[in-house]
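Sequence lines, in order, name chains A and B.
Taken in order, the first sequence gives residues 1 to 110; the numbers are from my numbering.
Taken in order, the second sequence gives residues 1 to 113; the numbers are from my numbering.
Please keep in mind that the hints were generated in silico from the structure rather than gathered at the bench.
Glycine included, every Cβ here is placed at the ideal spot set by N, Cα and C.
You may find that some hints are simply not true.
Here are some of the chain A residues that sit facing chain B, going by a computed Cβ distance under 8 Å [to be verified]:
| id | residue |
| --- | --- |
| 1 | Phe-34 |
| 2 | Gly-43 |
| 3 | Pro-44 |
| 4 | Phe-46 |
| 5 | Leu-50 |
| 6 | Arg-61 |
| 7 | Leu-62 |
| 8 | Thr-65 |
| 9 | Phe-100 |
| 10 | Lys-102 |
Have a look at the derived ranges for each label pair, beta carbon to beta carbon [said to hold, decoys possible]:
| id | chain 1 | residue 1 | chain 2 | residue 2 | range |
| --- | --- | --- | --- | --- | --- |
| 11 | A | Glu-58 | B | Gln-14 | 43 to 53 Å |
| 12 | A | Lys-59 | B | Gln-14 | 25 to 35 Å |
| 13 | A | Gly-41 | B | Arg-96 | 20 to 30 Å |
| 14 | A | Pro-40 | B | Asn-57 | 39 to 49 Å |
| 15 | B | Lys-41 | A | Glu-15 | 21 to 31 Å |
With a Cα cut of at most 25 Å, we get these calculated SDA-like pairs of lysine to any residue [unchecked claim]:
| id | chain 1 | residue 1 | chain 2 | residue 2 |
| --- | --- | --- | --- | --- |
| 16 | A | Lys-105 | B | Asp-38 |
| 17 | A | Lys-57 | A | Glu-15 |
| 18 | B | Lys-67 | B | Gly-28 |
| 19 | A | Lys-42 | B | Thr-13 |
| 20 | B | Lys-101 | A | Glu-15 |
| 21 | A | Lys-97 | B | Thr-13 |
| 22 | B | Lys-22 | B | Ile-56 |
| 23 | A | Lys-42 | B | Ile-56 |
| 24 | A | Lys-97 | A | Glu-15 |
| 25 | B | Lys-41 | B | Asp-70 |
| 26 | A | Lys-42 | B | Lys-101 |
| 27 | B | Lys-101 | A | Gly-54 |
| 28 | B | Lys-22 | B | Thr-2 |
| 29 | A | Lys-42 | B | Phe-42 |
| 30 | B | Lys-101 | B | Leu-113 |
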Amino acid sequence: EDQVTQSPEALRLQEGESSSLNCSYTVSGLRGLFWYRQDPGKGPEFLFTLYSAGEEKEKERLKATLTKKESFLHITAPKPEDSATYLCASTQGGSEKLVFGKGTKLTVNP
Amino acid sequence: DTAVSQTPKYLVTQMGNDKSIKCEQNLGHDTMYWYKQDSKKFLKIMFSYNNKELIINETVPNRFSPKSPDKAHLNLHINSLELGDSAVYFCASSSRQGVEKLFFGSGTQLSVL
């Protein structure tokens with residue numbers, strides 16, 4: 001079965017300390033790789049979609065990249081307001097399903 | 001205006017009861033979904049409707065019955081609630097089925113006692 005695995009499960013950073021979150025997926029015809037942000041008590045909020053290896057997208061302090069087997073969400077000089085759970089998801093093969101990973105809970109301390 | 005709204009926000013009920021969660025989207029989208037997020041925060045699709053037609057029906061107990069009166073609404077009815085049904089249920093929509101970003105509601109936290 002297609003799977004999406006995220007690491008680490010939790011990450012604590014100091015404000016300004018850059019880092020990366022990882023999302024690996026089983027390869028069976030990737031159609032799209034999505035990143036979402038989820039704040040406590042709220043629904044996931046769309047960040048990026050990546051479609052092919054080598055693609056990159058940026059938004060403020062976040063940059064998402066994609067290789068043939070994994071995606072990274074790079075966070076540059078994070079601020080406390082970046083604290084959230086970041087979810088990765090993919091659609092693969094002929095399926096219309098969006099399969100989510102379990103997320104990385106990011107905490108940025110001031 | 002809220003793009004995807006679902007009610008209620010919280011639902012506390014006894015085992016064996018029947019309950020419904022309502023969802024409405026004002027984005028003009030054709031496709032709507034129900035997702036379940038368990039206590040470990042794992043988000044998993046339950047159902048998908050495209051223009052009121054059921055597209056995806058995961059291995060969900062038949063106690064769960066989605067109903068789409070029109071393409072802007074997708075309600076979820078749950079019969080004979082069990083303890084294991086406790087979770088957060090999210091409604092979502094997208095402009096079309098397939099590789100499209102989803103817009104999520106704020107969730108309904110269901111607690112079965």
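Which earlier hints turn out false for this structure, listed by number in ascending order? 5, 6, 7, 8, 12, 14, 20, 21, 24, 25, 30
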